[in-house]
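Under UniProt numbering, the first residue of the sequence shown is numbered 1, with each subsequent residue one higher.
In short, the hints are calculated from the structure, not lab data.
None of these values were measured; they are calculated from a predicted model.
Just so you know, not all the hints are guaranteed correct.
As the list claims (entries may be wrong) - Here are the simulated DSS-like pairs of lysine-lysine, each with C-alpha atoms no more than 25 Å apart in a straight line: (1) K83 to K97; (2) K6 to K73; (3) K97 to K84; (4) K98 to K109; (5) K98 to K84; (6) K110 to K98; (7) K7 to K35; (8) K15 to K2; (9) K84 to K73.
Said to hold, decoys possible - What follows is a list of derived Cβ distance ranges for each label pair: (10) Q61 to D87: 28 to 34 Å; (11) E20 to Q70: 23 to 29 Å; (12) Q96 to W17: 24 to 30 Å; (13) V59 to I93: 47 to 53 Å; (14) G39 to M86: 26 to 32 Å; (15) T3 to D27: 44 to 50 Å.
Glycine included, every Cβ here is placed at the ideal spot set by N, Cα and C.
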Amino acid sequence: MKTLGKKIRLLRHQKGWSQEEVAKRLDISIPAFSKIETGITDINLSRLEQIAVLFEMSVVQLLTYNEVEQDQKIASELENVNKKLMDRETEVIDLQKKVIELFEELRHKKSATA
1 MKTLGKKIRL LRHQKGWSQE EVAKRLDISI PAFSKIETGI TDINLSRLEQ IAVLFEMSVV
61 QLLTYNEVEQ DQKIASELEN VNKKLMDRET EVIDLQKKVI ELFEELRHKK SATA
């Protein structure tokens with residue numbers, strides 16, 4: 001149960017919630033929630049379901065939650081977003097070049113007619 005408590009603490013920290021906030025949402029005392037996080041208290045299925053809902057995941061996801069797995073998922077998503085950003089930057093640079101070319105073309109036409 002200590003491992004599950006650590007997972008719950010990690011999830012709580014990721015949400016930026018205090019023990020008091022989570023205890024209120026679960027309708028339990030702060031010491032009772034603290035005992036869950038430290039693994040002193042066993043969690044029954046209904047409480048486990050309540051905690052899973054609170055963290056927007058299934059009970060299975062909560063039980064199998066792995067920080068390394070989550071980090072890898074986030075890194076992969078970040079890599080995809082970074083690639084899209086780089087593609088957009090390339091598009092912007094190409095558009096800037098086109099604007100410069102059009103400006104130069106317009107300037108040459110003005111100087112030729114003057």
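Would you pick out the hints that fail for this structure and give their numbers low to high? 12, 14, 15
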